[in-house]
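Residue numbers (the numbering used here), protein chains in the order written: chain A, 1 to 114; chain B, 1 to 111.
One should not assume that every hint holds.
[To be verified] Below 20 Å or equal to it, Euclidean Cα-Cα: the simulated EDC-like pairs (lysine to aspartate or glutamate) are:
hint : chain 1 : residue 1 : chain 2 : residue 2
1    : B       : Lys-103   : A       : Glu-41
2    : B       : Lys-42    : A       : Glu-52
3    : B       : Lys-103   : A       : Asp-86
4    : B       : Lys-42    : A       : Glu-63
5    : A       : Lys-44    : B       : Asp-2
6    : A       : Lys-27    : B       : Glu-45
7    : A       : Lys-44    : B       : Glu-1
8    : A       : Lys-44    : B       : Glu-9
9    : B       : Lys-42    : A       : Glu-40
10   : A       : Lys-44    : B       : Asp-39
11   : B       : Lys-63    : B       : Glu-45
12   : B       : Lys-103   : A       : Glu-40
13   : A       : Lys-44    : B       : Glu-45
[Stated by the list, open to error] Output of the computed footprint for chain B on chain A, the stretches with three or more beta carbons under 8 Å from beta carbons of chain B:
hint : region
14   : 38–47
15   : 96–105
Just so you know, these hints were derived from the structure itself, not from any lab. Don't be surprised by glycine CBs; every beta carbon is placed ideally from N, CA and C.
So you can see what is in the structure, the chains are spelled out below.
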Amino acid sequence: NAGVMQNPRHLVRRRGQEARLRCSPMKGHSHVYWYRQLPEEGLKFMVYLQKENIIDESGMPKERFSAEFPKEGPSILRIQQVVRGDSAAYFCASSPARGVPEAFFGQGTRLTVV
Amino acid sequence: EDQVTQSPEALRLQEGESSSLNCSYTVSGLRGLFWYRQDPGKGPEFLFTLYSAGEEKEKERLKATLTKKESFLHITAPKPEDSATYLCAVQAGSGYSTLTFGKGTMLLVSP
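Make a model of the complete structure from these sequences and hints.
Set out below in structure tokens:
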């Protein structure tokens, strides 16, 4: 399967713990986008990365959230000191180049904070 | 600010009962309008991209159309397996830009 791969599919964390979400883009894609889907809400853009660079993090909360896309390995979305309001589905999409829309999404990671 | 509004929020159809879903948008410089299907617990599955007013695309029982202010997803003779949430998103502006999504229309097709 050459699609966008996300893991884990489900993640349970206690309040105050850290959550790490991983995304491997489609083969040949070097641009990764993270979106969050809250219950009853549409998908909201969080951050756009190219390998080793953050291009746009305008949708990322200022505190506790960070993202990286290293030269080797998957993109990581990290949430420190999770709170109940962080419970959501987090989706990753990828594209081959800047300006090419991120049409293809992964299956998502469902984070539950207890 | 780019805005995307989908209606209705939910739609219940009998098998074979054709209907349309609406996506209205307000953007500065539309570059593309996207339709996705999302099943419960899954990621959005790409259906169509429309780029200019008057454009139409078809896939099986689905047909997407685009005007300068809105897009329609027409479902002809739906089957229960068409039940899903249908998402609309726009890409606007110049250079790179990310997608702005509507909240979706939840479609339920009963046998």
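| Pairwise hint evaluation, A:Asp-86 against B:Lys-103, where the allowed Cα distance is 20 Å at most | holds (19 Å)
| Are the Cα atoms of A:Lys-44 and B:Glu-1 separated by 20 Å or less? | This hinted pair holds, its Cα atoms lying about 14 Å apart.
| said: For the region 38–47 of chain A, count the residues whose Cβ lies under 8 Å from any Cβ of chain B; is that count three or more? | reply: The restraint on the region 38–47 of chain A holds, since 6 of its residues have a Cβ under 8 Å from chain B and three suffice.
| said: Under 8 Å between beta-carbons, do enough residues of the region 96–105 of chain A, three at least, approach chain B for the coverage claim to hold? | reply: holds (count 7)
| message | So if I understand the rule, the pair passes when the alpha-carbon distance is 20 Å or less; does B:Lys-42 with A:Glu-52 pass? | response | violated (28 Å)
| query | Does B:Asp-2 lie within 20 Å of A:Lys-44 when you go C-alpha to C-alpha? | reply | Answer holds: A:Lys-44 to B:Asp-2 is near 12 Å, not above 20 Å.
| request: Quickly compare the C-alpha distance for A:Lys-27 and B:Glu-45 to 20 Å and report which way the hint goes. | output: Judged against 20 Å, a Cα distance of about 18 Å means the pair holds.
| query | Taken at face value, is the distance from the CA of B:Asp-39 to the CA of A:Lys-44 at most 20 Å? | reply | The hint holds at about 18 Å.
| task | Would you check the hint for B:Lys-42 and A:Glu-63, treating anything up to 20 Å between C-alpha atoms as holding? | result | Violated - the C-alpha atoms of A:Glu-63 and B:Lys-42 are around 28 Å apart, more than 20 Å.
| request: Verify the proposed pairing of A:Lys-44 with B:Glu-45, using a straight-line Cα cut of 20 Å. | output: holds (16 Å)
| said: Hint check: A:Lys-44 vs B:Glu-9, CA-CA at most 20 Å. Holds or violated? | reply: holds (18 Å)
| Are the Cα positions of B:Lys-103 and A:Glu-41 separated by 20 Å at most? | holds (6 Å)
In summary, the structure is inconsistent with hints 2 and 4 from the numbered list given earlier, while agreeing with the others.
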